[in-house]
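Chemist: Sequence:
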Amino acid sequence: MEKNFYKILGVSKDASDKDIKQVYRKLIFKYHPDTNGGDKQSEEMSKKINEAYDTLGDTQKRRQYDMESSNPIFGDSCPNMAGMHGIPGMHGIPGMHGIPGGIPSELFNLFAGGLFDGPPPQVFHMNGRGPVRVHQMPSRPPPIEKEIEITLEEAYTGKTKQMSITRTILTGSSRNLEKETIYISIPKGIDTNEIITIKDKGNILNNDVKGDIKVIIKVKNFSKFLRHGIDLIYDKEITLKEALCGFSFDMGYIDGRSFNINNEPGNIISAGYEKVVPGMGMKREHNTGDLIIKFNIVFPKTLDEKQIDSIRKIL
2 MEKNFYKILG
12 VSKDASDKDI
22 KQVYRKLIFK
32 YHPDTNGGDK
42 QSEEMSKKIN
52 EAYDTLGDTQ
62 KRRQYDMESS
72 NPIFGDSCPN
82 MAGMHGIPGM
92 HGIPGMHGIP
102 GGIPSELFNL
112 FAGGLFDGPP
122 PQVFHMNGRG
132 PVRVHQMPSR
142 PPPIEKEIEI
152 TLEEAYTGKT
162 KQMSITRTIL
172 TGSSRNLEKE
182 TIYISIPKGI
192 DTNEIITIKD
202 KGNILNNDVK
212 GDIKVIIKVK
222 NFSKFLRHGI
232 DLIYDKEITL
242 KEALCGFSFD
252 MGYIDGRSFN
262 INNEPGNIIS
272 AGYEKVVPGM
282 GMKREHNTGD
292 LIIKFNIVFP
302 KTLDEKQIDS
312 IRKIL
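Each position in the sequence shown, counted from 1, maps to that position plus 1 in our numbering.
Some hints here could point you the wrong way.
[Said to hold, decoys possible] Here are the simulated lysine to any residue pairs, SDA-like style, with alpha carbons at most 25 Å apart:
(1) 221 - 211
(2) 211 - 169
(3) 219 - 307
(4) 200 - 55
(5) 202 - 217
(6) 189 - 141
(7) 180 - 148
(8) 147 - 194
(9) 215 - 64
(10) 225 - 182
(11) 200 - 64
(12) 4 - 24
(13) 225 - 149
(14) 4 - 60
(15) 19 - 141
(16) 225 - 291
(17) 14 - 40
(18) 237 - 158
(19) 276 - 243
(20) 215 - 245
(21) 237 - 252
(22) 211 - 182
(23) 295 - 155
(24) 307 - 245
(25) 221 - 234
(26) 237 - 148
(27) 202 - 141
(28) 27 - 15
(29) 242 - 264
(30) 189 - 169
(31) 19 - 31
(32) 31 - 54
(33) 14 - 63
(34) 276 - 261
Rather than coming from a laboratory, the hints here were simulated on the basis of the structure.
Produce the complete structure using the sequences and hints provided.
Modeler: Next comes the structure, spelled out in structure tokens:
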């Protein structure tokens, strides 16, 4: 194995997942190209760190990596296997050669379909003694990715949505398709492009190796509100008369309730004024945003002489 991911991250083989994650965050910040003015060495190191964490930060990939590292057939620790790199060809052992054509066609077809990560088992022959199979630990199937659209109102209240998925199940050498309707619990405050992961409900390699479903949320807004983080913004047009003399209007809220917004005479609304109503924005876990009402004053296009004289006398 050419790359020592533990050495790249500077952690021991018995390091916990938490320790690996903490070290990764420190290193990726230290060597990030933006932090180092686009330095090429830092950029290269950043790639190595990401590659190492991609393996060690995933329980299944790490287990497979450790297994291959500890098995002499995958490394350079066996002196009689010098020159053997990556298994195919087996250049370091006289008379031993890879025969891709020896892979059973039905097995090859399962992997050629692109459903599951990783190459098929390699088949070798040693001087006519029969085939020797080297089996790799199966990787998890790639996740099933689905998009689901919700409204801003549904993002505000939270919602349970149903969605149909089709998963692939491998049984021996056969591939079967299974359809299922699943129910997704969408939490309050979710935003567009966020991903909900449903564990072990995706494609199935066997009873122990199952993929996930990744649901990508798309929030469509047809309401009168705009979202800014967890704040809600409501644009309200008022006339110059209302800005100077007061007003009252009903506002239909995002959850279906109605509120009366009242401004008493004498409280003048200036151009660009924003009224902040605390705690009436989006709710997300333990945080709640605000409602911001932005007032846009619409001025009259024309005034007659009498109106102009009246304004002059008043002001």
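Chemist: Against each hint, give a clear statement of whether it holds in the structure.
Modeler: Tested hints:
| no. | hint | verdict |
| --- | --- | --- |
| 1 | 221 - 211 | violated (32 Å) |
| 2 | 211 - 169 | holds (10 Å) |
| 3 | 219 - 307 | violated (54 Å) |
| 4 | 200 - 55 | holds (19 Å) |
| 5 | 202 - 217 | holds (15 Å) |
| 6 | 189 - 141 | violated (31 Å) |
| 7 | 180 - 148 | holds (17 Å) |
| 8 | 147 - 194 | holds (11 Å) |
| 9 | 215 - 64 | holds (23 Å) |
| 10 | 225 - 182 | violated (33 Å) |
| 11 | 200 - 64 | holds (19 Å) |
| 12 | 4 - 24 | holds (18 Å) |
| 13 | 225 - 149 | holds (22 Å) |
| 14 | 4 - 60 | holds (18 Å) |
| 15 | 19 - 141 | holds (22 Å) |
| 16 | 225 - 291 | holds (16 Å) |
| 17 | 14 - 40 | violated (30 Å) |
| 18 | 237 - 158 | holds (23 Å) |
| 19 | 276 - 243 | holds (15 Å) |
| 20 | 215 - 245 | violated (53 Å) |
| 21 | 237 - 252 | holds (9 Å) |
| 22 | 211 - 182 | holds (18 Å) |
| 23 | 295 - 155 | holds (23 Å) |
| 24 | 307 - 245 | holds (19 Å) |
| 25 | 221 - 234 | holds (16 Å) |
| 26 | 237 - 148 | violated (33 Å) |
| 27 | 202 - 141 | holds (12 Å) |
| 28 | 27 - 15 | holds (19 Å) |
| 29 | 242 - 264 | holds (12 Å) |
| 30 | 189 - 169 | violated (32 Å) |
| 31 | 19 - 31 | holds (19 Å) |
| 32 | 31 - 54 | holds (15 Å) |
| 33 | 14 - 63 | holds (10 Å) |
| 34 | 276 - 261 | holds (14 Å) |
Of the numbered hints given earlier, the model fails hints 1, 3, 6, 10, 17, 20, 26 and 30; all others are met.
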